[in-house]
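Undergrad: Please model the entire structure based on the sequences and the hints provided.
Number of protein chains: 2
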Amino acid sequence: MGRGSVGELVAQARDGVPRAVARLVSLVENASPAVREVAAALAPHTGRAYVVGLTGAPGVGKSTSTNALVGALRAAGKTVGVLAVDPSSPFSGGALLGDRIRMEQHATDPGVFIRSMASRGHLGGLAWGTPQAIRVLDGAGFDVVLVETVGVGQAEIEIASLADTTVVLLAPGMGDGIQAAKAGILEVADVYVVNKADRHGAETTVRDLRGALALAGDRGSWRPPIVKTVAARAEGVDDVVAAIDAHRAHLERTGELAARRRHRAAREIEAIAVATLRARIGEVRGGAALDTVAEQVAAGRTDPFAAADQLLAETAN
Amino acid sequence: MGRGSVGELVAQARDGVPRAVARLVSLVENASPAVREVAAALAPHTGRAYVVGLTGAPGVGKSTSTNALVGALRAAGKTVGVLAVDPSSPFSGGALLGDRIRMEQHATDPGVFIRSMASRGHLGGLAWGTPQAIRVLDGAGFDVVLVETVGVGQAEIEIASLADTTVVLLAPGMGDGIQAAKAGILEVADVYVVNKADRHGAETTVRDLRGALALAGDRGSWRPPIVKTVAARAEGVDDVVAAIDAHRAHLERTGELAARRRHRAAREIEAIAVATLRARIGEVRGGAALDTVAEQVAAGRTDPFAAADQLLAETAN
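The listed protein sequences correspond, in order, to chains A and B. Start counting the first sequence at 1; every next residue gets the next number (the UniProt record's numbering). Start counting the second sequence at 1; every next residue gets the next number (the UniProt record's numbering).
Hints are computed from structural coordinates only; laboratory data are not their basis. Keep in mind that a hint or two might mislead.
Identical copies look the same in the list; a pair holds intra-copy or inter-copy alike.
What the hints assert, rightly or not - When the alpha-carbon atoms are kept at most 25 Å apart in a straight line, the in silico SDA-like pairs for lysine to any residue are as follows: (1) Lys228 with Ala107; (2) Lys78 with Arg248; (3) Lys78 with Ala299; (4) Lys228 with Ala34.
TA: Structure below.
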């Protein structure tokens with residue numbers, strides 16, 4: 001893909017052409033050869049979107065909450081790009097059922113872009129594709145980028161490292177207070193939402209969560225609020241937006257927003273440097289260099305540290 | 001630590017001084033500055049030991065089996081170095097109860113060395129410390145290096161990637177046939193051992209395992225045998241040794257042993273290269289280089305790929 005067409009795609013994306021945005025996400029997600037060119041073309045337009053991470057266990061109502069949150073943000077005059085990251089799926093590109101349902105509601109709204117992403121690719125999941133996709137939506141000019149993922153395994157920790165504000169969803173009757181404490185969610189959440197607050201046990205969930213938070217002790221100057229919602233009826237969702245805004249104001253006031261973003265960029269650069277190094281190692285002398293030193297190490301003719309130094313020296317040439 | 005003393009330690013280790021072996025394991029395990037020197041001094045003496053991995057779910061009798069296997073190998077005239085890797089423990093150095101029990105039995109035998117290792121260190125678990133510790137025991141001249149670990153999470157996959165022969169232990173009445181299929185154990189085992197074979201349900205476990213293996217289809221020319229043992233009474237353990245020997249003969253005949261070892265060395269070299277790169281990135285201009293490019297990326301003045309290239313170029317100087 002020539003420079004012209006990437007530049008044109010970025011221009012179209014910034015003009016609000018959904019197809020161009022989708023194409024750029026595909027390019028970075030699949031680590032196409034154009035990925036560097038896309039990143040370079042986007043860079044001058046990045047750093048403006050506010051990135052919100054939304055996570056929670058299966059069944060707490062993440063899709064419904066995302067949908068309601070998009071509605072509330074649109075009502076506040078903000079454009080929203082949504083990345084629905086499925087850490088267990090090898091499928092990408094908006095083919096999921098959840099997407100179609102959500103697309104129906106926001107399909108005619110040019111201020112909303114929704115995209116499903118698989119994270120189980122060969123490139124190491126969230127760590128690789130998601131930050132690049134966030135850069136696309138940021139560069140395309142969306143005011144808010146909402147990254148939604150299922151809170152299983154390490155996914156919620158990874159999302160938190162990518163987001164400016166991390167919203168953790170809970171629901172009554174799932175023992176979530178304890179689950180949250182276990183899963184390390186208490187360490188990543190900036191805002192808690194107890195969804196399905198009209199259900200039996202909602203107050204218990206709020207109380208359990210307060211108890212767990214009190215036990216966890218102080219996490220600096222920000223005290224994560226607990227917001228109750230019934231996302232299916234859009235109840236309490238404005239309060240979620242207000243909590244996100246309050247957290248943003250806090251981050252800006254303390255200078256923590258810039259610090260978080262620098263830290264995020266540093267992690268991203270490191271991950272790319274490591275991936276680049278791995279690729280270069282695979283390319284040195286047509287891939288023969290690694291085979292050669294591996295054989296020498298296996299035969300006891302050199303040690304793995306000396307072999308690694310030799311490879312690193314060759315990749316630098 | 002001067003070159004003289006590392007060389008002396010290696011010489012002592014090769015003379016069978018357990019304290020010297022233990023000291024070398026500690027040096028590589030803690031990634032001491034001497035780790036490169038140790039690896040270089042060991043290299044000429046490596047590549048001779050046969051590495052056996054032994055894994056299984058908690059409760060199948062791993063410690064007892066390791067103990068019995070060490071006895072059988074000693075009876076066959078082989079010296080044995082044992083690494084008991086605990087993927088969940090932050091504690092190392094032979095302080096565990098299991099070690100003391102095993103040490104009592106083999107404490108007076110200079111042909112046996114037993115060492116516990118934690119894998120939950122800051123350097124990435126099995127991937128870092130275990131191969132280096134294997135190199136120490138290999139270089140010290142043990143005929144067999146036995147690496148034992150609990151088959152939880154990714155540990156059994158990692159062990160399999162380090163071993164010449166991987167032995168997977170099962171026991172009756174734990175639904176292990178299904179567990180094995182789930183955990184991907186079917187893809188890594190070269191020899192299956194159904195321990196506690198005197199217990200009710202042992203035949204069912206063997207049958208379930210045969211069924212699962214048949215379903216899993218052909219894995220090349222080697223068909224993993226299923227051996228029944230009562231490790232607590234050392235019954236069937238000679239059959240395990242015979243199965244390992246048969247697998248070794250197969251690997252040697254097909255040339256797969258050399259291929260496995262080259263592959264293992266390549267992975268080890270890559271891991272060291274990546275760790276070295278990360279360390280160098282942290283050191284460029286006293287750590288300021290990463291901060292500087294991260295700030296530029298966060299501000300949209302450059303993109304993360306260009307920043308990574310710049311860092312890589314600086315680390316190469």
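Undergrad: Go through the numbered hints given earlier and state which of them the structure violates, listing their numbers in rising order.
TA: Violated hints: 1 and 4; rest satisfied.
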